[in-house]
Every structure is written in C-alpha cells, then in structure tokens.
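A.B. asks: Chain by chain, the residues run as shown.
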Amino acid sequence: MRTLLASTAILAATVGIASAEVAVTGTARMGLIDTFGDTGVQFSSRVRINFTASGQTDTGLSFGASMRADQFGGNSNDGSNGSSGNTGDTNGDSTVYISGGFGKLTMGDVDGAANAASGQTDGVGYTGLSDLNEITYLANGGTDFNGPGIGLDDPQDTSVLYEYTAGSLSFYLSSTQLDRAIGAEAKSIAAKYSTGAYAVSLGYENLDAQDDYEWEQFVLGGSATFGGVTLKAIYADGKNNQGDEWKQHSLSATYAVDALSLTAFVSDDEDLLSNDLATASNVRAYGLGASYDLGGGAKVSGGYVKNRTDDTDAVDLGLSFSF
Amino acid sequence: MRTLLASTAILAATVGIASAEVAVTGTARMGLIDTFGDTGVQFSSRVRINFTASGQTDTGLSFGASMRADQFGGNSNDGSNGSSGNTGDTNGDSTVYISGGFGKLTMGDVDGAANAASGQTDGVGYTGLSDLNEITYLANGGTDFNGPGIGLDDPQDTSVLYEYTAGSLSFYLSSTQLDRAIGAEAKSIAAKYSTGAYAVSLGYENLDAQDDYEWEQFVLGGSATFGGVTLKAIYADGKNNQGDEWKQHSLSATYAVDALSLTAFVSDDEDLLSNDLATASNVRAYGLGASYDLGGGAKVSGGYVKNRTDDTDAVDLGLSFSF
Amino acid sequence: MRTLLASTAILAATVGIASAEVAVTGTARMGLIDTFGDTGVQFSSRVRINFTASGQTDTGLSFGASMRADQFGGNSNDGSNGSSGNTGDTNGDSTVYISGGFGKLTMGDVDGAANAASGQTDGVGYTGLSDLNEITYLANGGTDFNGPGIGLDDPQDTSVLYEYTAGSLSFYLSSTQLDRAIGAEAKSIAAKYSTGAYAVSLGYENLDAQDDYEWEQFVLGGSATFGGVTLKAIYADGKNNQGDEWKQHSLSATYAVDALSLTAFVSDDEDLLSNDLATASNVRAYGLGASYDLGGGAKVSGGYVKNRTDDTDAVDLGLSFSF
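Same order as they appear, the protein sequences are chains V, P and L. The numbering of the first sequence is this note's numbering, which starts it at 1 and goes up by one. The numbering of the second sequence is this note's numbering, which starts it at 1001 and goes up by one. The numbering of the third sequence is this note's numbering, which starts it at 2001 and goes up by one.
There could be a bad hint or two in this list.
Simulated crosslink set (SDA-like; lysine to any residue; CA at most 25 Å straight-line) [as the list claims (entries may be wrong)]:
1) V:299 with L:2062
2) L:2104 with V:104
3) L:2104 with V:317
4) V:104 with P:1103
5) V:306 with L:2178
6) P:1104 with L:2259
7) L:2299 with P:1103
Bear in mind the hints are in silico, worked out from the structure with no lab data behind them.
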C-alpha cells in the first residue's frame, strides 16, 4: 500500500491530476493457540489481502470501495489450511461509499449506527480468542442470531450506514436490507461526542422481525485516555415484546509504554442466552493480554481469556503482521 | 490501474526495459433497486476487483491474462451481503491470450465469435436491471440453457476465440470446449466491418448436443453514430432440428450531450421460450435510462425496464464507480 | 511485480525507508491437452494471481505472507471455465513466515521437511500432465490419502516448517497440525548439502494416525548439473506397522541449450497401491517433454507421459506465462 501511495504521489506530482486507484494491503498472523475445549495446543495462521479503491469526482466528492480476499482458518480441521475465504460470510465485508460535505454514505457489509459510534472494547491475544470482550449489537446486518427461543429472521446485508461529523459531534444512521418478503429489518441511530482524549456515545437499535416480534436496545459507550492508559466502557440495555429483558457490559483498560501494551477486560452479555439474540459468545468473561511492537508492521502478542459462564479458558501467543 | 501504468512508464523510462506486470483495477456500485417481483425497494451494492496481466515476448508477441475477484450480490438475501464471488460462474471469467501479426487467440471464459462481433445493445440502470436488452447467443461457453423442452447439454468453457483484424474488417472464429464425453459443443464464425462511425457484423452459431440435437442461428448486428446519437441493432434468426424456429431482435438508442447520456431500448427474444435455449431473460421488453458522468470514474445512473411478457417492471437509481 | 518492486526502489531512494508491501504477480497458461482417458483433445487454460507480502522489523527480522487467487481448471466440465479457485484445497496454499539469524519459520500450507529438502524431479508438459513424476510424501499437511486399505485420518494443515541454513548445509523440521481430537499427525526431519552444482538430501517422515496405525518413510534425494544437463533423483523407502512395505523412486534429466530445454523422467511409486497412502498418481510412469523460452516471461512447452500401471498416456502442448 505504501508503495502504491508513494507511486500515486509521484504520479500526481508528475501529471498533476488525481486518479482513481486500487491499493493492495494485507494482514497475516502465526502462532500457537490453546482454545476453549479439549483439542490442546494447535498451530494457527491466517492471511488476508485487502483491496481499497478510491477516487474523486470533478466536484470534489470522494468515493471508494473495499473488499477482502481471505485465507481464514486458524485451527481448521478440513485439511485445507482453512478454506480460503471469498465465500459466504467470510468475505462478505465489501463496502462502497461516497462522501462529501453532506457526510459519508456507505453500503455493503457495514456496521449499524450504534456499533459505528460505540465500537467495541479492547480484546486480547493475537487471534482475539473468540472476541469475548465484544457486546452484541442488534442492527449489524448479516448477523446469524441463533438463540434458544423462537426462530428469528436475521437482519441481512446489503446494509447502509450514513455518518455526519461536525466538529466534535458525529451522527450515525443505519438500516439493514429492506426485506419485505421474508426477513427482519434492523435500524439504528447514534451520536458521539469526542475530543482528543475523551469520547462518549449513545445509540438506539431496533430489530423488527415483521411477525410481531420486536427487539430494541440502547447502547452507551465511553472512552478516555490519560497518561498511557486508555479506558473503554460499553453498556447496553435491551428488551423485546416477548417479555425478555437484558443488560450487557464490557470494560477494557490498555496501558501502553514505548513498544509494550498491556490490556485487561471484563465483559458480560450472558443475559442474552435467555432470548433469540444469543450467539456463541454470549458469556461472562475476562481477559488479560500483552503486545510488543517489533516495528515495520510486526508485533508479538499473547492473551488469556476466561469464559466464566462455561468455566473454560483459552490462551494464545503469536505474531501479527500488517503490510 | 492508472497508478500502475504510470509507475510502469516511470520504470520503463528509467530502466529501459518492458516487463510483464499485473494491474489491479476495480468497479463498484451502490444504490436502490425495485426489481421485478414483490420485494419492493432494496439496497444494492457490489464490488469487483480485476487483475489484468500483460507481457511481451522477445519477438514482440503480446500476451496476457485476466481474472476477477468478486463480491457480487445486489439484493442478496443470504445474510452475507452477497456471497463473495470467486465461486462458480461468477468468477469464471478468466481469460488468457496471445496476440501478434497472426491475430489474437484467447482461451478461457470468452464470448463466441458472433457475440464478439455483434455484442449487445445498450442497457439501462446502474445495475443493468436483469439485462433484458440482451439477445441470447448459442456459442458462448458456460451458458446454462434451461428451457421448457427436453434437457440440453450445455456448451462448456474452456472456450477459445480467435480474432483477426485487417483495416476495417475483423474476423472471428470460436469454439466451446471439445467435449466428446458428455457435453454439447458450440462453434461460431463471424465478421465485422467498422469505420469510425458505422459498423455492421454478421455471425453464424452452431450448437451440437451430440445426441442428434442441433441448433443454429444467424446474427446480424449494426451500429451507427451521428451527432450525439448512437444506434445499435441486433437481429437473430435461428432454428433447430426439432422443428423449432425463432427470431430475436434488440434495438437501442443512446443520446449523449456533455456529461448526460440518455438510453432507450426495445427487445424481443420471447420466441426462445418454446425450445431448450430459453433462459430467465427470454422476454419482450423495453427500457429507458439516464446517466450523468460525475468525473474521476464516477457516474450516477437510473433506469426503468418493462418486461412485457410477464407484465412486470423494475427501476433502479444509483452510483457506479471505476477505479 | 517488477513494477511494484521498481516503485519500491524509487520510494526507498526518495524517502529513505523500507516499508511493508504486497506485490501482485501471476501465472497463466493456455493450450491443448489429450489427457489420460477417452475424452480426446481438449482446450485447457488457467490463471493464477499471487499475493506476496513482505516487511522487516526494526531489529532486521524479515517477515511475510503469501496467498493465491485461482482460476483453476483446465478441462473442467462444470460449465464455469473451472470454478474459480479461492475455495477448498485450491487456495489452501497461503503461508506466513518470519526469518532471521535463527532461521526461517513458516506456517500455513507448507511442505514437510523431507519434501522441502528433496523436492521433486522435473516434470513435463505445460500442464504437468498429472505430475506423475512426483513421489508421495507422508508429512505434507492437507494430503487426502485415499488408499485401498483401512481408512486413514489425514494429517492436516495448518502445518509448520522450520529451516536453517549454515553455509552449504540446510536443516529442516516440520509438523502438521497438532490434532489430538480426531486427526493424524505427521512430523518430518531432513538435511541437505548443496554446492553450486551438486546437492544431496536425506529426510525422515513419520505419520501417526493415533489409533495405533503408524507409517514412516526415509527419502534420499540428489541432483547434479554438468554441462547443460541437470539430473535429479529421489528414492524413498517406507513401511507401516500393518506389515506394508514400499519403495518409490523418480529420476529426471533436463538438457538446456540456449532457449531450448528437453526433459525426460522415469518414476515408480506403484508400491503404495497396496496400502492406505495411495493417491491417484501412484503408478509406474515415464515422460518426455520440451520447452522453448520466448522471453519476457513466456514459453511454449509440450510433453508426453505414459502411465505404465494403467497402460494409458497423455500429451499436451501450450503456452505458459509468468507476470
């Protein structure tokens, strides 16, 4: 990517025009993981190639697109080192956008507004260790909710996210695919106030399964950096029209000094196990991790995560690269 | 792509040699579509990344290859923002070629000769709206003919297309895979005469299903540009040895003034519904569309298409980008 | 690729830093093949795009990753010019590595140690003609052994390969995925001594199916170049704890003069047909081939291969390109 950008700079300097282009970047990781369960220590590696396209109209509007080619996998047991991505959900994360004075409009596999505003807390490990630090958002498209209750039509992509920023204030609005025939629709609205060191965000999500089932959730997020410490907190409070109520929270602290970074988190979205929004990661958990920057796009990371709901744990140690 | 080509120019100027290379380009689109049927308005976005490889032998022959990585999709309902391409027909469109004084020989997912010579008329909409302007060619490989009659073994890729141009005259010859075991074979021959503003083409296609079923079709194409108007017309006349006969036609007019472009088409390949060559798009139809060039590779387009056979219609409006 | 590297050189010269980057290269081929069996002559083309990422840490360690996007295929009969790769085994060949004074550690779809040390003899034809020159290694992950005897759990990727070179001596150590739950594990150790013109290698492979079935094999390899002739020989001797024993061998000679290259091979791994390690290519065979370098990354190649076990043969002729 750096190469392409540099080349573009040369081109722009030489020819005096801006041109649409596609930058090719990537990430990779390799290491050892002892994941939740009984398989013991295993090798885990992954490669992802990213395509980032960008251009500009004559009137100065920016536009672009992104797509990913994956070799996902880690500890895959299908004999192929992880099927190679570009199928199904794995590479569903392509997006297309246009932006200008009116804000930014993105279509594709985008986050819902509440997620875009509040994000997630910091996780640990070079693989993320099942991302148990993350809370569950209702309004991200393509989510395969798979709860113990009644079947729930999932909100689907192509989703749309609109963002507008004025000074310290950002505004977000989103919708999953408008699916009048079979599916659920999820909509979200959120706002965020951020200064250099502090940010606070509030979002609302509504999931309408169109067969008289309806879910909704408020999400409050905050982050603050002082000294080398960054704190992130997310709290969600939801209910549906079937009498279920739930609360989620996640809190992380990351301490960075020179090339070293230490992270701890606690999270709880166990309440979701009682309704149709539950996913495999709806548990009480905590985690500890460390990361050391080797420079040039490489770092070494390790983490430990405890799943308190199932009383299992996982640990990993490995290298992460970005190109 | 422009970046890479510019870099190549810099390289060539600096080092003084030509080198084989792979250029990465792409297309994307985003917008709204109300397609044929009852689903109502939906979001539709798509990203495609193209790889175009090229080189030159010591004796000056040009060679190259092309491949596409897709996130196809539009209004996909499978929860993944469109499965991500690179599977099956979606990314079957890779090609390999060599060219020189003898002409150009291309293998892979190439069009048959008649299609290469006469092409298709202009369609409308940022998504193409099911491409109802297109006629059906017999000799393109990989086509899944799916008619109401007896089953037909489909002609298959790897196909081959040979092209030779001398002055205003171009000659085309093609064959689908030579499939002596199970499949059909389709062959085609065509010629085209083109000046700056006018072109006329004639092609013949033969599809031999090797179980005594045989189809054939003549295709006549023409195009003319005068003032800002481009007219395109294609007429096809075919029959098989089962007693079926059919005619197809499509006519389009595109008027371009400054950044604006207006297109209208009428088409009819409804006759094919009575034999094994029918596909989902064999209907009588007309369409109207407009496109406005925003510069830098972006345009906004919209279209309306009427399927007169099924008495349904579709409309879309969106942005298209090329990188 | 050359473009990107050149651009990087320009960047490095200008900015004075080294940066992680992703180079995009590719290969393609087109031609005719009359393969083993009764289908007769068919068209066969293929395109592969390769992503090669590389970077360097602040302390001078090199790291990188590779991935491939395929249009595989040749004579595919599925109507799509070969499904387009990036699925299953076809694109399983991604790797991630880090290297330095300690050697090189690679994870992903890597060869086992014995294979890394001894490789394979030279094959013939622009398609490889089923690679009947190759012997069967036990310790490459992702291999779908499919023998006539009892079922064998296959050793699986993610595999790991460690390489260390000191002067003329190289040392290799590998393991397939550590799969304590269901699968087999294969481990290998090998060493290689190479000077400019000669190389000799010795490797040991052990495949533990963990249900009391165990296979092992010694592999001896050698190569020598004198005048324009390169000889390669590989000999393998193995047995399992079920009473099976087998021997494999392959020998190739390639004569290169100017742009022309002639290759012949004889091979025999027919013994494997009597146990669970057999694959479709376990036969006695010989082959003859020629290749002519056209410059710029293009060559024309043809080959003939005789499968003496099944008394069938195959021949191909075509062009190969690298970009």
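A.B. asks: All the hints need checking, so say for each whether the structure fits it.
C.D. replies: Evaluated hints:
Of the pairs offered as hints, the one joining residue 299 of chain V and residue 2062 of chain L holds, with about 12 Å between alpha carbons and a cut-off of 25 Å not exceeded. Taking the CA atoms of residue 2104 of chain L and residue 104 of chain V, the gap is about 45 Å. The hint is violated against a cut of 25 Å. Annotation: proposed proximity of residue 2104 of chain L to residue 317 of chain V holds, straight-line Cα distance about 18 Å (limit 25 Å). A threshold of 25 Å between alpha carbons decides the hint, and for residue 104 of chain V with residue 1103 of chain P the separation of about 48 Å lies outside it, so the pair is violated.
Annotation: proposed proximity of residue 306 of chain V to residue 2178 of chain L holds, straight-line Cα distance about 23 Å (limit 25 Å). With a C-alpha separation of about 24 Å, the suggested pairing of residue 1104 of chain P with residue 2259 of chain L holds against the 25 Å cut-off. Note on residue 2299 of chain L and residue 1103 of chain P: the hinted pairing holds, with a Cα-Cα distance of about 18 Å set against a maximum of 25 Å.
Hints 2 and 4, counting from the list given before, are not met by this structure.
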